[in-house]
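Enquirer: Residue numbers (our numbering), protein chains in the order written: chain Z, 1 to 230; chain B, 1001 to 1243; chain R, 2001 to 2243.
Treat the hints loosely; a few may be bogus.
When the alpha-carbon atoms are kept at most 27 Å apart in a straight line, the in silico DSSO-like pairs for lysine-lysine are as follows [said to hold, decoys possible]:
no. : chain 1 : residue 1 : chain 2 : residue 2
1   : R       : 2110      : B       : 1139
2   : R       : 2220      : B       : 1139
3   : B       : 1139      : R       : 2132
4   : B       : 1139      : R       : 2075
Hints in this document: simulated from the structure, not taken from any laboratory.
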Amino acid sequence: MLGNFDFDVIRRALPYLFLEGMRFTLTLTALAAFGGLVFGTLIALMRLSSYKVLGRIAGFYVDFIRSLPLVLVIFWFYFLVPYIGQWVTGASRPITVGAFASSLITFIAFEAAYFSEIMRAGIQSISKGQPAAASALGLTYAQSMRYVVLPQAFRNMLPVLLTQTIVLFQDTSLVYVLSIPDFLGAASKVAQRDGRLVEMYLFAALVYFVISCVASFGVRRLQSRIAIVR
Amino acid sequence: MNYNWNWHIFLEPNPMGTGTYLDLLLTGLVVTVKVSVLAWIIALVSGSVIGVLRTLPSRTASWIGFCWVEFFRNMPLLVQLFLWFFVLPELLPRSAGLWLKQLPNAPFWTAAIGVGLFMSARVAVQLQAGITSLPRGQKQASTALGLTTVQTYRYVLLPMAFRIILPPLTSEFLNTIKNSAVAITIGLIELTGEARSMQEFSFQVFEAFTAATVLYLLLNFVVVTAMRFLERYVAIPGYITGK
Amino acid sequence: MIEINHVNKWYGPTFQVLKDCTTSVAKGEVVVVCGPSGSGKSTLIKCVNALEPIQGGDIVLDGVKVNDPKTDLPKLRSRVGMVFQHFELFPHLRIIDNLRLAQEKVLGRKSEDATAKGMKLLERVGLKEHAKKFPAELSGGQQQRVAIARALAMDPIAMLFDEPTSALDPEMISEVLDVMVDLAREGMTMMVVTHEMGFANKVADRVIFMDRGEIVEDAKKADFFGTPRSDRAQKFLSKILQH
Ligand SMILES: Nc1ncnc2c1ncn2[C@@H]1O[C@H](COP(=O)(O)OP(=O)(O)O)[C@@H](O)[C@H]1O
Ligand SMILES: [Mg+2]
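Required output: the full structure, derived from the provided sequences and hints.
Expert: Right under this line is the structure:
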């Protein structure tokens, strides 16, 4: 019961939880969001391109990834990345990839599928007149995408992209299955070591809750401000 | 890639003595289906109640709906499962906690309820959106005929709202199936879990994960096809749902 | 039959939509309400069957005080028919089921009685052969006639119409007005928001003119069309009679 709730366990673990665990979680979230956005945009462009084959490949990738549980994808990449590395570098044995690199690759590959759907919707929401006007000015396809369409799509979709990033932030906790000390992993480690599951898991839940709440509140404000500007 | 492929591994007996490795995976598939269906029922029922609450004029009702959704949406599913599985029994009176911990199949029930509640927040948001997308006159017309609020929801608003949100509900059901794999962290051996144990016993990691992948794709396909039929079955002649 | 005494209503803290409105509709009387858009006509008529709450004054319907917390509102509403601008048929129900729903759920009629009554009314509005169709398969004029039949199926003591023809294509207006004229001639008590001055001329006993939440004019038909006493009503009339 809460009678013997030990706050001191949490206090002592704070430096480890935040300087190690939360730093891992936030770095992974930020880099995966960035990578996911870049590759997601490329995939979206492929899907919308006039080369049918490119569109098919991109569409297949997105549907495929989105049909699989993230946990399974994490396992896939954890075992697959060393072999890919070997193939790329031409080494004689599967290379060893660090926990961070492995999870980063996983999350970029996974999130790219989700971000691509958002960017695709964003690009499609831009009126056809915009690229037409751009090419009338003499811009190439790449230029009109780079300077006219994508910035608008990105801005319109920013709230959705940020909401997806909050989901990503929560999803990074699943690296737990690889025994990686992200925030939850760190909390879990302390919990096991000190036999203080109640304190550590409640605290972890609270931290995730506060961060997600504050972030989604911010997104909602941003959304209403964008709505006014438009 | 110098990896020793061995696709015959599926027909070799598994070390648990429960038949072949394929049997192992199929057992996992059954667990995934069971846990997902149960979770989906929980999500649908509680999510519908909460979604309706969020559309009522009562302040209290929408406040309860708001808190429910924010609570289940702002914590990772994994953390929520840990709370139900590890923390809840400790917070209950000793005897109740002990009873919970000794429940046979505890990971299964925890997963079903935990994933169900997690998904209920999403169902609630979808249903709320569906109800608010209906013309305001529908509620007024039904009220003007003398139907009570409960009857208005039961006979007029919900039948239309559910039809409208059928496509997003399909993806939420698919999400439920995918999310059931998170329960591997509280010791539920479902499809991903069985693939993992096959990998550990047989070292044929890619065969195991390929099989699990195929089974998930198959499951997706079945659900999507079934929902297409349902959509067609409940479609209203002449009525064009906004796309 | 309908008495509206010094009714005040606000939307939100500052916007007063109805200002000290007083009027009445006697049994068998037909009263037409007109006025510029946004003047509060719909709001006034919705207050009569408590679709909208009022903050001041009284509304009494057949001796029952509408704004009394003890009043059984569903029962009261079931005795007043209401027809909306956008028909508000229930899209997922067949025409006959639209007519049956409230008869069975509110009045507790048996299914076969409700069906018989529904068919009789459909015949009356000339749509018997469409009973098995869905609303979206009917034209606007037909839908509005179904909506009138649906209201009549409850055996109402009075009927409220909120711009019943303004969402219709011109060629469908008369088929709806014809039904309403018949109803008026049979002695139904009616309160009709409309800009169809031809209808007013034919069957109205009195005409009410509203502007900015106030009842500016409340006169016998002959007086209203003869010489409206207020400038505002005169201006309004000349505008709509131009066309
Ligand atoms: N639910 C509401 N909330 C706030 N304002 C409303 C609402 N409904 C109507 N109004 C406002 O009240 C005024 C009167 O509306 P209404 O009764 O619909 O006018 P009319 O039917 O005469 O065109 C309008 O200014 C309208 O914008
Ligand atoms: Mg109106």
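Enquirer: Work down the list of hints and note, for each, if the structure agrees.
Expert: Hint check results:
no.: 1; hint: R:2110 - B:1139; in the structure: holds, 24 Å
no.: 2; hint: R:2220 - B:1139; in the structure: violated, 35 Å
no.: 3; hint: B:1139 - R:2132; in the structure: holds, 23 Å
no.: 4; hint: B:1139 - R:2075; in the structure: holds, 16 Å
The structure shown violates just one earlier hint, number 2.
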